[in-house]
Amino acid sequence: MHSSRIGLVLIALIAVLGTNTAFAESPSVTAVLGNSEAVVGQMVQMEIKVTGANNAGLPTEISVDGLEIHQTGTSRQFEMHNLTTSSSTVYIYTILPLKPGTFAIPPQTIRVGSSSLRTPALKLNVSDSPNRSTRSNQTAQPANTNQLAFAELIVPKKSAFVGEIVPAEIRLGFDPRAHPKLIDGPEVSGQGFTAQKLQQGGENLETINGRTYDVVTFKTAIAAARAGKFDLGPVKAKVQVVTPRAPGTRRSRSPFDLFNLDDPFSDPFFSDPFGQFGERREVEINSEPIAFEVKPLPANAPASFSGAIGNFTMTTEAKPNSVQVGDPITVTSTISGRGNFDRVNAPALEDEHGWHKYPPSSKFKQDDEVGISGTKTFEMVVSPDEKKQSIPLLAFSYFDPVKERYMTLHSDPIAITVQGGAAPGPSVAAQSASPTSATTSAVPAKPQDILYQLTERGSVQSFTPLYVRPIFWTAQLIPLLALLGLAGWKMRQARIGNREARRIAALQHEAAELMRKLRRNDVSPQEYYAEASRVVRVKAALARNADPNTIDAETAADTFGLNGDSRERLKRLFEQSDELQYSGAHNGSKRISPENRRDVLELIEDLRV
Amino acid sequence: MKGRTLLVDLCCAVIWTCVAASAFAQTDFDKANQEYAQGHFKEAIGGYETLVRSGQWSANLFYDLGNAYFRTSDFGRAILNYERALALERHHPEAAANLQIARDEARALEMQQSWPERYLQFASLNQYSIAAAIAFWVGAFCTVVLIFARRRSARLIALSLLSFSVCALAILATYEIDNGSKGRALAIITGDNVQARLATADTANSILALPQGSEIKILSTRGDWIYAALPNDLRGWIPAKSTELVRM
Numbered sequence: 028m029h030s031s032r033i034g035l036v037l038i039a040l041i042a043v044l045g046t047n048t049a050f051a052e053s054p055s056v057t058a059v060l061g062n063s064e065a066v067v068g069q070m071v072q073m074e075i076k077v078t079g080a081n082n083a084g085l086p087t088e089i090s091v092d093g094l095e096i097h098q099t100g101t102s103r104q105f106e107m108h109n110l111t112t113s114s115s116t117v118y119i120y121t122i123l124p125l126k127p128g129t130f131a132i133p134p135q136t137i138r139v140g141s142s143s144l145r146t147p148a149l150k151l152n153v154s155d156s157p158n159r160s161t162r163s164n165q166t167a168q169p170a171n172t173n174q175l176a177f178a179e180l181i182v183p184k185k186s187a188f189v190g191e192i193v194p195a196e197i198r199l200g201f202d203p204r205a206h207p208k209l210i211d212g213p214e215v216s217g218q219g220f221t222a223q224k225l226q227q228g229g230e231n232l233e234t235i236n237g238r239t240y241d242v243v244t245f246k247t248a249i250a251a252a253r254a255g256k257f258d259l260g261p262v263k264a265k266v267q268v269v270t271p272r273a274p275g276t277r278r279s280r281s282p283f284d285l286f287n288l289d290d291p292f293s294d295p296f297f298s299d300p301f302g303q304f305g306e307r308r309e310v311e312i313n314s315e316p317i318a319f320e321v322k323p324l325p326a327n328a329p330a331s332f333s334g335a336i337g338n339f340t341m342t343t344e345a346k347p348n349s350v351q352v353g354d355p356i357t358v359t360s361t362i363s364g365r366g367n368f369d370r371v372n373a374p375a376l377e378d379e380h381g382w383h384k385y386p387p388s389s390k391f392k393q394d395d396e397v398g399i400s401g402t403k404t405f406e407m408v409v410s411p412d413e414k415k416q417s418i419p420l421l422a423f424s425y426f427d428p429v430k431e432r433y434m435t436l437h438s439d440p441i442a443i444t445v446q447g448g449a450a451p452g453p454s455v456a457a458q459s460a461s462p463t464s465a466t467t468s469a470v471p472a473k474p475q476d477i478l479y480q481l482t483e484r485g486s487v488q489s490f491t492p493l494y495v496r497p498i499f500w501t502a503q504l505i506p507l508l509a510l511l512g513l514a515g516w517k518m519r520q521a522r523i524g525n526r527e528a529r530r531i532a533a534l535q536h537e538a539a540e541l542m543r544k545l546r547r548n549d550v551s552p553q554e555y556y557a558e559a560s561r562v563v564r565v566k567a568a569l570a571r572n573a574d575p576n577t578i579d580a581e582t583a584a585d586t587f588g589l590n591g592d593s594r595e596r597l598k599r600l601f602e603q604s605d606e607l608q609y610s611g612a613h614n615g616s617k618r619i620s621p622e623n624r625r626d627v628l629e630l631i632e633d634l635r636v
Numbered sequence: 058m059k060g061r062t063l064l065v066d067l068c069c070a071v072i073w074t075c076v077a078a079s080a081f082a083q084t085d086f087d088k089a090n091q092e093y094a095q096g097h098f099k100e101a102i103g104g105y106e107t108l109v110r111s112g113q114w115s116a117n118l119f120y121d122l123g124n125a126y127f128r129t130s131d132f133g134r135a136i137l138n139y140e141r142a143l144a145l146e147r148h149h150p151e152a153a154a155n156l157q158i159a160r161d162e163a164r165a166l167e168m169q170q171s172w173p174e175r176y177l178q179f180a181s182l183n184q185y186s187i188a189a190a191i192a193f194w195v196g197a198f199c200t201v202v203l204i205f206a207r208r209r210s211a212r213l214i215a216l217s218l219l220s221f222s223v224c225a226l227a228i229l230a231t232y233e234i235d236n237g238s239k240g241r242a243l244a245i246i247t248g249d250n251v252q253a254r255l256a257t258a259d260t261a262n263s264i265l266a267l268p269q270g271s272e273i274k275i276l277s278t279r280g281d282w283i284y285a286a287l288p289n290d291l292r293g294w295i296p297a298k299s300t301e302l303v304r305m
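Order-wise, the sequence lines are chains A and B. 28 is the number of the first residue of the first sequence in the numbering used here; add one for each residue after it. 58 is the number of the first residue of the second sequence in the numbering used here; add one for each residue after it.
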């Protein structure tokens with residue numbers, strides 16, 4: 028019983044699965060091209076995928092004129108979604124383009140059981156050469172889809188004239204997964220032309236053949252130096268990229284490696300950069316050279332042709348419009364357009380008669396990165412030697428490479444007013460001439476003649492500036508010595524002043540000390556009178572600016588202008604002092620009376636100049 | 058006694074040599090002037106050039122030499138010698154007048170002077186040098202007096218500051234004039250059809266055509282080429298043999 032139940036469940040399950048499988052097996056067909064763009068000889072894969080049919084009848088060859096299409100293999104795939112399984116068979120064809128053009132691969136009828144299915148029509152563009160860059164507005168494409176980097180040179184034309192500036196664009200594409208780093212270049216190699224300095228134009232991501240490239244654009248301009256046929260390029264650059272360390276090991280298929288074409292990025296390193304370390308290496312990338320034809324310029328060049336090739340316009344203006352004969356007029360010519368501005372010279376005056384012209388100056392303002400288009404402005408000063416009605420016409424010639432002939436631009440007539448009849452005479456010279464100076468020239472005078480010869484040779488002079496001559500610096504010794512003398516004298520004066528001040532201070536100190544002693548009672552008469560007379564001498568010496576030892580009673584009395592009584596008292600003081608000092612009278616009274624003391628003190632304190 | 062006699066003899070010999078040299082120079086000068094008056098300009102130029110080579114330079118000598126060159130239509134050298142006369146003697150009216158005429162004849166280009174140079178024209182380089190020296194010493198004397206004075210006089214301080222300021226200005230003026238467009242680097246184009254070029258090659262692009270007598274300021278020299286500031290605020294390379302410095 029139990030076993031019969033299990034059997035029923037299994038039968039039901041198989042029935043369900045069988046039903047699902049039956050639904051999934053509804054046959055369908057798709058067809059895709061590995062690349063819709065190719066060049067002659069470049070293999071392209073086509074896959075026809077039949078789902079829900081095990082045995083589909085497909086042709087082993089498909090006949091398309093210009094293409095060789097062969098079946099090269101099959102693969103089978105099983106998929107399960109929500110218990111629903113499906114199987115599909117992929118039929119792989121290899122297409123070899125034999126000639127350029129746009130090919131339509133017609134729908135293929137596939138018989139599946141009793142029914143028949145049709146593949147969609149496919150379109151394949153085949154170009155004639157791998158160098159697709161000569162065509163404008165074309166997307167860059169690496170020659171090999173496995174390349175980590177590619178270089179491409181794009182020029183808008185394949186032929187030019189000698190000296191003609193042709194803009195060029197260099198495109199460098201890098202697979203960003205390789206962490207590329209530009210080391211050197213790019214540079215355009217080749218001979219027979221000059222290339223201007225490269226200017227980086229921009230950087231953007233582009234998807235080419237299903238692969239994303241970081242494309243850097245550089246702009247330049249080239250000019251052929253000689254006629255003939257030569258190759259332009261290749262463009263060369265060196266790039267440092269990161270590549271897997273063990274390229275030969277078995278690995279899983281990368282999502283980028285759709286056709287199992289040995290895509291280096293199918294390495295696990297790129298799916299897990301932190302799992303393994305890559306290897307940095309330098310790769311040189313080269314573009315394909317471009318065959319370039321350079322034609323010589325026609326022979327019938329006009330006289331004012333200076334080598335300018337391109338397409339230009341010219342405007343001219345002059346200032347001022349009203350002048351005197353001989354006055355300068357600035358003629359400004361502006362040449363704008365596109366071409367080799369380095370060979371654009373100033374327009375030439377068509378008729379220079381009666382004019383004096385000065386060499387022109389020029390300024391160039393470029394409007395693009397490489398200086399092909401812009402505006403060149405010339406300023407030329409002309410001066411009329413006679414009366415004129417207008418500025419002479421200016422002519423500028425160039426070669427137009429589109430029309431393939433020489434063109435000459437002429438300025439519009441510019442009216443001016445010129446006053447005065449002749450160039451200015453020698454009035455300035457004549458006025459400044461010295462009438463006293465000697466002989467005149469024997470040469471007959473011209474309208475603007477120089478002044479006479481001078482007969483006095485004059486003193487010998489030198490061009491050497493005074494400050495460089497030794498005499499100048501030697502002469503500086505005189506004020507230097509004078510300055511040193513002044514400084515020395517001032518220093519001596521200061522020192523003398525200091526000594527006198529010290530002497531006066533010492534005398535004042537001595538006088539004060541003596542007065543203090545005189546007010547005390549404990550000194551002997553001899554000592555008292557000696558100190559009293561010394562005080563008088565010091566005071567008189569201070570008043571007379573003299574030595575105290577040279578002061579006697581008369582001198583002191585005269586110094587202080589004493590009258591009779593005071594003079595007598597002062598003399599007595601000096602006499603008493605001398606008597607006590609030299610006559611031995613000190614053996615008498617040992618003390619001086621208060622009256623005498625007061626008398627002496629009063630006398631001394633009254634001594635003023 | 059013997060020594061004193063020898064010294065006197067020596068002094069006499071030196072004085073006699075100087076006087077004789079001057080007299081001979083004057084004789085040569087007169088001879089060249091006579092050649093000029095007779096219309097023998099080439100011979101006159103030879104006579105004047107001999108005096109120039111002997112170092113007997115004077116403003117009048119260069120002026121007369123300039124006139125001789127003018128008569129031979131060598132306007133470049135005429136302008137050069139008028140410029141030399143004016144370099145030796147700023148106020149030489151004859152040289153200034155003839156220089157103007159020669160420039161008009163040659164259509165020579167002149168260097169533009171900067172505004173400081175124009176304003177500093179009222180005195181010469183040597184006058185500024187002397188002014189700087191005098192102002193310096195006046196300032197130095199005032200400073201010494203101030204250092205030793207018991208009382209600092211405000212007038213003395215002001216005079217000292219004024220003197221040093223005048224000294225500084227005079228030194229600046231000296232530098233500006235000596236290094237300016239009419240300074241010691243001033244040269245005159247003496248060659249024919251001279252082109253200032255972008256590089257030191259005859260085939261290099263031309264910047265400016267320089268008529269004879271045009272002024273340039275030499276900035277540097279490389280071999281047979283000189284790099285110079287040109288009229289119209291331009292710069293370029295010129296063959297060295299086509300130019301001569303004004304200040305010898």
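If you are wondering where the hints come from, they were derived from the structure by calculation, not from laboratory data. Since this is a predicted model, take the numbers as computed values, not measurements. Honestly, I wouldn't trust all of these hints.
[What the hints assert, rightly or not] Label-pair restraints from in silico Cβ distances:
no., chain 1, residue 1, chain 2, residue 2, range
1, A, 506, B, 232, 18 to 24 angstroms
2, B, 232, A, 533, 55 to 61 angstroms
3, B, 284, A, 67, 40 to 46 angstroms
4, A, 491, B, 88, 55 to 61 angstroms
5, A, 394, B, 170, 35 to 41 angstroms
6, A, 531, B, 210, 57 to 63 angstroms
7, A, 605, B, 210, 51 to 57 angstroms
8, A, 67, B, 260, 22 to 28 angstroms
9, B, 172, A, 414, 35 to 41 angstroms
10, A, 621, B, 211, 22 to 28 angstroms
[As the list claims (entries may be wrong)] Sample of chain B residues facing chain A (criterion: CB under 8 angstroms; computed from the structure):
no., residue
11, 90
12, 111
13, 201
14, 250
Glycine is no exception: its CB is placed at the ideal position from the N, C-alpha and C atoms.
- Item | Outcome of range test on Cβ distance (residue 394 of chain A, residue 170 of chain B; 35 to 41 angstroms) | 37 angstroms, holds
- Starting from the hint 18 to 24 angstroms, judge whether the C-beta atoms of residue 506 of chain A and residue 232 of chain B obey it. 22 angstroms, holds
- Query: Could one say that the CB atoms of residue 605 of chain A and residue 210 of chain B fall in the range 51 to 57 angstroms?
  - Reply: Given a distance of about 52 angstroms, which is inside 51 to 57 angstroms, the answer is holds.
- Query: Minimum Cβ distance from residue 250 of chain B to chain A below 8 angstroms?
  - Reply: With a minimum Cβ separation of about 11 angstroms from chain A (threshold 8 angstroms), the hint on residue 250 of chain B is violated.
- Task: Could you say whether the range 22 to 28 angstroms given as a hint is met by the Cβ separation of residue 621 of chain A and residue 211 of chain B?
- Result: 59 angstroms, violated
- Holds or violated: is there a CB of chain A closer than 8 angstroms to the CB of residue 201 of chain B? 5 angstroms, holds
- Message: Can you tell me whether the CB distance of residue 284 of chain B to residue 67 of chain A sits inside 40 to 46 angstroms?
- Response: 59 angstroms, violated
- Task: Take the C-beta atom of residue 172 of chain B and the C-beta atom of residue 414 of chain A, compute their distance, and say whether it sits inside 35 to 41 angstroms.
- Result: 36 angstroms, holds
- Query: Between residue 67 of chain A and residue 260 of chain B, does the beta-carbon spacing fit 22 to 28 angstroms?
  - Reply: 48 angstroms, violated
- Query: Any CB of chain A closer than 8 angstroms to the CB of residue 111 of chain B?
  - Reply: 10 angstroms, violated
- Taking the CB of residue 531 of chain A and the CB of residue 210 of chain B, does the distance hold inside 57 to 63 angstroms? 26 angstroms, violated
- Item | Satisfaction of the residue 90 of chain B interface hint, Cβ to chain A closer than 8 angstroms | Nearest chain A Cβ about 5 angstroms off; hint holds.
Checked against the numbered hints above, the structure breaks hints 3, 4, 6, 8, 10, 12, 14 and satisfies the rest.
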